[in-house]
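Those protein sequences? They're chains A and B, same order as listed.
Residue numbering for the first sequence is 1 to 574, as defined by the UniProt record's numbering.
Residue numbering for the second sequence is 1 to 574, as defined by the UniProt record's numbering.
Keep in mind that the hints were calculated from the coordinates and are not lab data.
Incorrect hints may have been included.
Since the list gives no way to pick one copy over another, a pair counts as held whenever it fits inside one copy or between any two copies.
Restricting the straight-line Cα-Cα distance to at most 25 Å, the calculated cross-link-like pairs of lysine-lysine (PhoX-like) are [unchecked claim]:
1. K158 - K418
2. K111 - K415
3. K417 - K158
4. K315 - K133
5. K509 - K14
6. K133 - K255
7. K205 - K535
8. K158 - K255
9. K486 - K418
10. K133 - K111
11. K509 - K539
12. K395 - K373
13. K486 - K14
14. K14 - K548
15. K133 - K418
16. K418 - K293
17. K486 - K533
18. K415 - K133
19. K415 - K539
20. K315 - K158
21. K133 - K417
22. K205 - K255
23. K352 - K158
24. K373 - K346
25. K548 - K410
26. K509 - K352
27. K417 - K486
In this text the structure is predicted, and so the values were computed from the model without any measurement.
Here is how the chains run, residue by residue.
2 protein chains.
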Amino acid sequence: MTFGGAMEFSGLQKNRSFYMPELPSALQKKAMQLQFGDATAVPDPSDAQAVSRSFPLTYGQRLVHFLSSSFGIRDSQFLTEHPVMRIGVVFCGRQSPGGHNIIYGLYDAIKTHNRRSTLIGFCGGTEGLFEQKTIEITENIVLAYRNQGGYDMLGRTKDQIRTTEQVHAALNTCQTLDLDGLVIIGGVTSHTDAAQLAETFAELKCQTKVVGVPVTLYGDLKNQFVEANVGFDTICKVNAQLISNLCTDALSAEKYYYFIRLMGRKASHVALECAHQCKPNMVILSEEVASSKLTLFDITKRICDAVEARAEQGKYHGVILLPEGLIESIPEVHALLQEIHGLYRKGVSVDKIASQLSPWASALFEFLPSFIKEELLLSPDSDESAPLSQIETEKLLAQLVEIEMDTRSKSGRYKGKKFNSICHFFGYQARGSLPSKFDCDYAYAMMTVKRLHGPRVSLIGKPSIHPAAINLKGKAYEMMLHDAEKLLMDDLYRNPGPLQFEGPGSDSKTISLTVEQKDYIGKIKELQDYLDKVKMIVKPGCSQEVLKVALSSMACFINILSLMSPHTTEGHTL
Amino acid sequence: MTFGGAMEFSGLQKNRSFYMPELPSALQKKAMQLQFGDATAVPDPSDAQAVSRSFPLTYGQRLVHFLSSSFGIRDSQFLTEHPVMRIGVVFCGRQSPGGHNIIYGLYDAIKTHNRRSTLIGFCGGTEGLFEQKTIEITENIVLAYRNQGGYDMLGRTKDQIRTTEQVHAALNTCQTLDLDGLVIIGGVTSHTDAAQLAETFAELKCQTKVVGVPVTLYGDLKNQFVEANVGFDTICKVNAQLISNLCTDALSAEKYYYFIRLMGRKASHVALECAHQCKPNMVILSEEVASSKLTLFDITKRICDAVEARAEQGKYHGVILLPEGLIESIPEVHALLQEIHGLYRKGVSVDKIASQLSPWASALFEFLPSFIKEELLLSPDSDESAPLSQIETEKLLAQLVEIEMDTRSKSGRYKGKKFNSICHFFGYQARGSLPSKFDCDYAYAMMTVKRLHGPRVSLIGKPSIHPAAINLKGKAYEMMLHDAEKLLMDDLYRNPGPLQFEGPGSDSKTISLTVEQKDYIGKIKELQDYLDKVKMIVKPGCSQEVLKVALSSMACFINILSLMSPHTTEGHTL
Numbered sequence: 001m002t003f004g005g006a007m008e009f010s011g012l013q014k015n016r017s018f019y020m021p022e023l024p025s026a027l028q029k030k031a032m033q034l035q036f037g038d039a040t041a042v043p044d045p046s047d048a049q050a051v052s053r054s055f056p057l058t059y060g061q062r063l064v065h066f067l068s069s070s071f072g073i074r075d076s077q078f079l080t081e082h083p084v085m086r087i088g089v090v091f092c093g094r095q096s097p098g099g100h101n102i103i104y105g106l107y108d109a110i111k112t113h114n115r116r117s118t119l120i121g122f123c124g125g126t127e128g129l130f131e132q133k134t135i136e137i138t139e140n141i142v143l144a145y146r147n148q149g150g151y152d153m154l155g156r157t158k159d160q161i162r163t164t165e166q167v168h169a170a171l172n173t174c175q176t177l178d179l180d181g182l183v184i185i186g187g188v189t190s191h192t193d194a195a196q197l198a199e200t201f202a203e204l205k206c207q208t209k210v211v212g213v214p215v216t217l218y219g220d221l222k223n224q225f226v227e228a229n230v231g232f233d234t235i236c237k238v239n240a241q242l243i244s245n246l247c248t249d250a251l252s253a254e255k256y257y258y259f260i261r262l263m264g265r266k267a268s269h270v271a272l273e274c275a276h277q278c279k280p281n282m283v284i285l286s287e288e289v290a291s292s293k294l295t296l297f298d299i300t301k302r303i304c305d306a307v308e309a310r311a312e313q314g315k316y317h318g319v320i321l322l323p324e325g326l327i328e329s330i331p332e333v334h335a336l337l338q339e340i341h342g343l344y345r346k347g348v349s350v351d352k353i354a355s356q357l358s359p360w361a362s363a364l365f366e367f368l369p370s371f372i373k374e375e376l377l378l379s380p381d382s383d384e385s386a387p388l389s390q391i392e393t394e395k396l397l398a399q400l401v402e403i404e405m406d407t408r409s410k411s412g413r414y415k416g417k418k419f420n421s422i423c424h425f426f427g428y429q430a431r432g433s434l435p436s437k438f439d440c441d442y443a444y445a446m447m448t449v450k451r452l453h454g455p456r457v458s459l460i461g462k463p464s465i466h467p468a469a470i471n472l473k474g475k476a477y478e479m480m481l482h483d484a485e486k487l488l489m490d491d492l493y494r495n496p497g498p499l500q501f502e503g504p505g506s507d508s509k510t511i512s513l514t515v516e517q518k519d520y521i522g523k524i525k526e527l528q529d530y531l532d533k534v535k536m537i538v539k540p541g542c543s544q545e546v547l548k549v550a551l552s553s554m555a556c557f558i559n560i561l562s563l564m565s566p567h568t569t570e571g572h573t574l
Numbered sequence: 001m002t003f004g005g006a007m008e009f010s011g012l013q014k015n016r017s018f019y020m021p022e023l024p025s026a027l028q029k030k031a032m033q034l035q036f037g038d039a040t041a042v043p044d045p046s047d048a049q050a051v052s053r054s055f056p057l058t059y060g061q062r063l064v065h066f067l068s069s070s071f072g073i074r075d076s077q078f079l080t081e082h083p084v085m086r087i088g089v090v091f092c093g094r095q096s097p098g099g100h101n102i103i104y105g106l107y108d109a110i111k112t113h114n115r116r117s118t119l120i121g122f123c124g125g126t127e128g129l130f131e132q133k134t135i136e137i138t139e140n141i142v143l144a145y146r147n148q149g150g151y152d153m154l155g156r157t158k159d160q161i162r163t164t165e166q167v168h169a170a171l172n173t174c175q176t177l178d179l180d181g182l183v184i185i186g187g188v189t190s191h192t193d194a195a196q197l198a199e200t201f202a203e204l205k206c207q208t209k210v211v212g213v214p215v216t217l218y219g220d221l222k223n224q225f226v227e228a229n230v231g232f233d234t235i236c237k238v239n240a241q242l243i244s245n246l247c248t249d250a251l252s253a254e255k256y257y258y259f260i261r262l263m264g265r266k267a268s269h270v271a272l273e274c275a276h277q278c279k280p281n282m283v284i285l286s287e288e289v290a291s292s293k294l295t296l297f298d299i300t301k302r303i304c305d306a307v308e309a310r311a312e313q314g315k316y317h318g319v320i321l322l323p324e325g326l327i328e329s330i331p332e333v334h335a336l337l338q339e340i341h342g343l344y345r346k347g348v349s350v351d352k353i354a355s356q357l358s359p360w361a362s363a364l365f366e367f368l369p370s371f372i373k374e375e376l377l378l379s380p381d382s383d384e385s386a387p388l389s390q391i392e393t394e395k396l397l398a399q400l401v402e403i404e405m406d407t408r409s410k411s412g413r414y415k416g417k418k419f420n421s422i423c424h425f426f427g428y429q430a431r432g433s434l435p436s437k438f439d440c441d442y443a444y445a446m447m448t449v450k451r452l453h454g455p456r457v458s459l460i461g462k463p464s465i466h467p468a469a470i471n472l473k474g475k476a477y478e479m480m481l482h483d484a485e486k487l488l489m490d491d492l493y494r495n496p497g498p499l500q501f502e503g504p505g506s507d508s509k510t511i512s513l514t515v516e517q518k519d520y521i522g523k524i525k526e527l528q529d530y531l532d533k534v535k536m537i538v539k540p541g542c543s544q545e546v547l548k549v550a551l552s553s554m555a556c557f558i559n560i561l562s563l564m565s566p567h568t569t570e571g572h573t574l
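Model the full structure from these sequences, guided by the hints.
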């Protein structure tokens, strides 16, 4: 396989390759102001000690805010000021739309500051990193892949820098190639690896700075500092197109229930966002199931009740979304999987596992249809979770619902027509998509984002970054719950249509992001309203008492805020 | 279920609903010239007698060509000239993008000629036609669905007007509602039904004219008079988007072979068109397999040889397209299916079928994996073909290839990495798509196209329209064959991207159509060149001999052409 080679483009690909991503205003000028903020922290304070012990050199660095420079600094100052840099970049983890634009942005950024800086790509993912398989990324290569989908400029393989051997191979490569920086483009597990690598490099006084860039179609690498991941916007749009086509299809033929499983690993971000975009009849989120401890029986019953209620209105079609992580979040299946994976770790061979299960797990296992038994027995992924993309939860549920509806029909409770289902798994067919405008822009601008912090302690005591789950108290989930009954019964399907690059729809953002941003900005707005009210009250002509109370209150208040965020008043111009 | 109700639109849906389809120039003016052409004929002359015997009243009507009127007729003449008409319309057959625009075009056409004309929609397909479930199609309904996907304005059900009971129910409806015309929107089998209905209506002197409109995503209702079917363009574009995403994915991860089965029923038009648009490594067409009598073993070997050759170049990924009709075109499987369906017709119950197969069919059946056994035993569709959408040929081939690669590996012949595959079936997720600009325009203009002719005699002696197969001597297939070796080895993947409504790509046509049109128009051009040459030679100053030879040759030539196409010189202005 040759990397970095030019492909034959379709008209649209060609057109996209000329698209110039838009930068946020703060990054449009070469002069910008950096403001140091708080130290990075772990989401759960009880993890702080363990994390800081594991990452003594890298934990707790301060956040950097990029602001438009308020000083008049000439461009020329920058072009001469920056030293020559050698940066390595590697794709690590599943291909996600926008990955190529990270490299495009990185290339433009380092070349803008010094033409003699070099960008080195590792071919074939982490294997290329360990074995020093490199190509120098030239302008021609960047132009051939900008705004294009996939990871085929460099390819990817194992997606892992974890064992001592692997870490040392990476170290050796960085030192041999004399790299100033190593950029790791990846998702949750790649960022755990990147954090570990950064700590090891710091410990061994290796000069290479490790930078992780959150690119994951699952959208599960977000926190208070990172609102979205590169690729999520495109993935949701492509999947939403297909889901809404099935909604239209269901409504036209009126005889099928579509059970659609969506990629997304443990978290249900893709499923929730697609539900917002398409308004199907039902979506069952993993986080919801785990939190309410819904059993397989509960979920089946919930769907059957819906089918029954719709049949009473003469409706025999519907669309139900399921995240791929659902299977792991069902308590009894979770326990069964834990046992299976435990036996795997003990070296029990696949054909012996079923016979060594506990009586309880065995009873559940025997109850399940044979196709799902085979899938549950597949060996776990490298992060010890079940191989979710291969477990056909949609078929399992469709089958259980069919059996239950037949029972209800025989007992005379259900009087409608026979229940029919068609199952789909949407995942692979979206991953290689041309990135949306949002992802092109966001990825291109990402070059400046520094490595994320915020690892959490996992159960076995080894700190690692966990995927962000859906916030069941958040706006996006709340909105969905609010409309659930109407969506279930009234077929309020919405069709966002295929991903557009020009004209209407091309600038749309994901609904989850819009809603969450509204919330954040809404609160800042609320605070500003309070400040304005104070100004209105405490103005020339107000009484001495009012002035006195206001002054002392504000002094105390500023004191508290300063203690909570000690660095926010300092500024630094880059 | 309420039909004709307004939905909540996304931004793109709203925008599309304002799109005004473009009409061909001949239809843009209200005045147009009709030219009567040859009598319609069957493609195979040996069928003519049987067809004319079955359709004595409707077979052999003359073709009508629409030309821009060369006479200056005022618009007002038309608006007053046309009588009030009552037209019924019914969706019959699988939902196909553009179906709503047929109704939109029909509505505009009849209202343009007389505001008091009425368009009546039958709700729930042919069932609605039999039971006289109707709604009057108003401007509001048309506006709510124009340029939108699906068939949900009216829905569809059985897709059949075949039994004496059904035909009489349709007749009764048309007479009760006093319809001047009945428009049947559908594919191959619906057109057989429509032809039969037209003949019966003519026989019984029913005043309702039956009109069939070729709307089928399979693209298999084409002949010398109909170059394309409504829906085919959209379906190919949506599928091509997904296939090319998988190509990019394969190239990024470099570890999977994607086996993709495409909807299309017996014919492979969708697969061939998608192969042209995406350039995957391999496409196996049903027509090719049937014509070369390739066995399951041959096809498996062909794929394994390709996997082996690619592995020698270090390539462990690939994309292979399969039409859903493939399974029926493999000779030994075809024979097995014939036996199974024969036993079905004899009333043998499913669980007894396997034991009653002939020894030869039984041997093949026992060799097959259990999932495909179950699928082959499914009851046949209403047109007596296997339920193709439910037979997972892609999984069968992937499994056979895996077994064969393991054997080659054990024998030491194959030295590469383990073969991995992921299977997909693309069909349902494209059917409900927003129609492409091409399909919006084409469907809107279709209102003026009269019922197709060209039924062929089927094996059991009952005339029916057969799906058009890929022409293995045609340009589109030839182009594909020509590049097959390069496409197989060199990963020349092309990504047409998602369906666009504005900007680049929004005006693209299917490659099959472009190629076929080129051929046709190319030949007409060639003829015109000859005529020009004659003009150049036979001009004032040429010898008497030349003039004499030219005159007598042309007179004879015109004579022959006139005898072959007796009506083409007459004109008639509408």
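Here's how the hints hold up against the structure:
In this homomeric assembly, K158 and K418 come within 25 Å of each other (Cα to Cα) only across copies, at 15 Å, whereas the closest approach inside a single copy is 46 Å. Within a single copy, K111 and K415 get their C-alpha atoms no closer than 70 Å, and across copies no closer than 44 Å, so neither meets the 25 Å cut-off. In the homo-oligomer, the alpha carbons of K417 and K158 lie at most 25 Å apart only across protomers (15 Å), although the nearest pairing inside one protomer, at 49 Å, exceeds that limit. With identical chains, the CA atoms of K315 and K133 are at most 25 Å apart between copies only, with a shortest distance of 17 Å across copies and 58 Å within one.
For the identical chains of this complex, K509 and K14 are neighbours both inside a copy (24 Å) and across copies (17 Å), given an alpha-carbon limit of 25 Å. Taking identical chains as interchangeable, the C-alpha atoms of K133 and K255 lie at most 25 Å apart only when they sit on different chains, with a minimum of 18 Å there against 54 Å within one chain. In this homomeric assembly, K205 and K535 never come within 25 Å of each other (Cα to Cα): the closest approach is 52 Å inside a single copy and 88 Å across copies. When the C-alpha separation of K158 and K255 is checked against a cutoff of 25 Å, the pair qualifies only between copies, where the shortest distance is 11 Å, while the shortest distance within a copy is 43 Å.
Taking the closest pair of Cα atoms, K486 and K418 come within 25 Å of each other only inside a single copy of the chain (24 Å); across copies the shortest separation is 50 Å, beyond that limit. Taking the shortest alpha-carbon separations for K133 and K111, only the intra-copy value of 22 Å comes in at or below 25 Å, while the best inter-copy value is 69 Å. For the homomeric pair K509 and K539, neither the shortest alpha-carbon distance inside one copy (42 Å) nor that between copies (69 Å) is at most 25 Å. With identical chains, the CA atoms of K395 and K373 are at most 25 Å apart both within one copy (12 Å) and between copies (18 Å).
In this homomeric assembly, K486 and K14 come within 25 Å of each other (Cα to Cα) only across copies, at 22 Å, whereas the closest approach inside a single copy is 43 Å. Neither within a single protomer nor between protomers do K14 and K548 lie at most 25 Å apart by alpha-carbon distance, with minima of 66 Å and 58 Å respectively. For the homomeric pair K133 and K418, the shortest alpha-carbon distance between copies (23 Å) is at most 25 Å, but the shortest distance inside one copy (58 Å) is not. Proximity of K418 and K293 under a CA criterion of 25 Å is satisfied in neither setting, with 30 Å inside one chain copy and 40 Å between copies.
Neither within a single protomer nor between protomers do K486 and K533 lie at most 25 Å apart by alpha-carbon distance, with minima of 40 Å and 72 Å respectively. For the homomeric pair K415 and K133, the shortest alpha-carbon distance between copies (23 Å) is at most 25 Å, but the shortest distance inside one copy (65 Å) is not. Taking CA atoms no more than 25 Å apart as the test, K415 paired with K539 passes in neither setting, with 73 Å inside one copy and 85 Å between copies. Taking CA atoms no more than 25 Å apart as the test, K315 paired with K158 passes between copies only; the shortest distance there is 16 Å, against 47 Å inside one copy.
Proximity of K133 and K417 under a CA criterion of 25 Å is satisfied inter-copy only: 20 Å between copies versus 61 Å inside one chain copy. Within a single copy, K205 and K255 get their C-alpha atoms no closer than 66 Å, and across copies no closer than 37 Å, so neither meets the 25 Å cut-off. With identical chains, the CA atoms of K352 and K158 are never at most 25 Å apart, being 28 Å at best within one copy and 49 Å at best between copies. In this assembly of identical chains, the alpha carbons of K373 and K346 lie at most 25 Å apart only when taken from the same copy (20 Å versus 37 Å across copies).
Taking the shortest alpha-carbon separations for K548 and K410, neither the intra-copy value of 79 Å nor the inter-copy value of 90 Å comes in at or below 25 Å. Neither within a single protomer nor between protomers do K509 and K352 lie at most 25 Å apart by alpha-carbon distance, with minima of 49 Å and 56 Å respectively. Taking the shortest alpha-carbon separations for K417 and K486, only the intra-copy value of 23 Å comes in at or below 25 Å, while the best inter-copy value is 52 Å.
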